[in-house]
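Just need the whole structure built from these sequences, with the hints factored in.
Respectively, the protein sequence lines represent chains P and R. Sequence positions in the first sequence follow this note's numbering and run 360 to 605. Sequence positions in the second sequence follow this note's numbering and run 1158 to 1300.
I should point out that these hints are in silico values taken from the structure, not numbers from a laboratory. Just so you know, even glycine gets a beta-carbon here, dropped at the ideal spot from N, CA and C. Be aware that a few hints might be false.
Said to hold, decoys possible - Pairwise CB distance ranges, derived in the manner of DEER restraints:
hint : chain 1 : residue 1 : chain 2 : residue 2 : range
1    : R       : Arg1226   : P       : Ser393    : 22 to 32 Å
2    : R       : Val1269   : P       : Gly418    : 53 to 63 Å
3    : P       : Gly573    : R       : Phe1204   : 24 to 34 Å
Stated by the list, open to error - A short, non-exhaustive set of chain R residues, derived as facing chain P with CB atoms under 8 Å:
hint : residue
4    : Leu1167
5    : Thr1171
6    : Val1219
7    : Val1223
8    : Val1234
9    : Ala1275
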Amino acid sequence: MEELVGLILTAGELLLTCGAEMSRVEETIERMGSAAGFVQVESYATPTGLFVSLHDPAGRVYTRVKRIRGGQSNIAVIAEVNALSRAFSAGEISADQVRQALERLRQEGVPESLARQLIGGGGALAFAVMMGGTWLEGLVAGVVGTVVLMVVSRMERRFPRVIQAAVGAIVAAFLVATVGPYFQLNVNVTILGAVMVLAPGMVITTAIRDLLGGELVSGLSRSAEALVIAVAIATGVAVVLSLGGA
Amino acid sequence: MLVQIAMGFLAALTFAYIFRVPPRQSVRCGFVGGLGWAVYLSGQGRFGEVGAVFLAATGVAVLSEVLARRHHEPVIVFLTPGIIPLVPGSKAYLTMLSFVQQDYTQGVVLLVTTVFLAGAIAAGIIITSSIFRNFSRTKHNRR
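Here's what the structure looks like:
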C-alpha cells in the first residue's frame, strides 16, 4: 500500500510540474487511487503543492504533502501520464510497469533539442507576419526568436520564469533595435513577433480552463503568473528601447 | 488571406513544439490553428473583433474535441497550440508596454480589449467542452 501511495503521488507531481489543469491532476489521482484498491481518495492540487489522502479498506489513512517546484510546459508528458493512469485503472498494466514508466518520464524530463528552438523561431516569424509585418520583418523576428529560445533554455531550472522572460525580452529588443535601422524595419512589429515565443500562452489557456472549472485558487494564481510574465516582457523591451533613445 | 491562414497554421505548429506536444500530433495542431485564424479573419469584418474571436475559439474547441476523441489524446494536446493564434498574448504585451511607457490612455484601451478577447476565448472553449462532456458521457465515462 505504501508503495502505491508513492506511485500516485509521483504521477500527480509529474502532471503538475508539466503544467496540467487541476481537474486533470485530481481526476488522475482519484482514478489511480480507486484502481489501486483505496476505498476513499481525497486530493487537493495547487500549482505549487499537492495534498493527497488515501483511505485503505483496513481503515488506515495515508496522507502525503508534496511541494511542487518549477517545471515547464510539457504536453507530451501530460498525455503520457494520462494514458498510463487510464491503462492502470483499466487493469491493462501493473503497478510495477507504471512505476517504471513514470520513473523514465521523470528522468528523461525534457530533452532540450536544437530542433525545438529552430522550429520555435518559426512561431516568431508567423506572429510577426500575422500582426502585419513584412516577410523581412518576419525573417528577422524568426532568427531573433530562435536566439531568445536558446538563451532562455540555458537559464531554465536555474532562474524563475519571470527572470527568464525579462532577459529574453531584453535580448530580443536589443537585437532587433541593433539590426533594425540597417533594413528599415518596423521595430515594434518585429519585437512583438520575437517576444511571442516568451508569451505565457499555455499559462493563460490553463488559467482560463481552471477558473471556468471552478478551480479558483489555481486559476487566480496562474492568471497572476501570466500577468507578471507579461509585465516582465514589456519591461525588458521598454528598458532597452528607452536606453536606445527611441 | 491564404498567406495569413498559412501563418496561423505555422504559429500553431511551432507552438506545438514550444509546448512539447507529442511530435506525431503537431501537424494536426497546425490545422486546428489554421482553422481558428481563418474563422477569425473571415468573421472580423461582420462580427467585430470579439465576436470573431468567440466564433474562432468555438471552432478550435470543436475540432480539438473531435480530434482528441478520434486519436485518444487529452483535449489540451490540440487545444493549447490551436488556440495560440487567437490568444491575445500580443495585446497583453502591448498593454503592458503602453503602461511602462506611460501612455496610460492607450494602455487602458488595450487592457479592456484584452480582457474582452480573453473572455470571448473562454466562452468559446467552455460552451463547447460542456456540450461535448454532456453529450458523450454515456459513451465513455471519461473527461
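Verification of the supplied hints:
no. : hint                              : verdict
1   : R/Arg1226 to P/Ser393: 22 to 32 Å : 24 Å, holds
2   : R/Val1269 to P/Gly418: 53 to 63 Å : 56 Å, holds
3   : P/Gly573 to R/Phe1204: 24 to 34 Å : 29 Å, holds
4   : Leu1167                           : 4 Å, holds
5   : Thr1171                           : 3 Å, holds
6   : Val1219                           : 16 Å, violated
7   : Val1223                           : 17 Å, violated
8   : Val1234                           : 6 Å, holds
9   : Ala1275                           : 7 Å, holds
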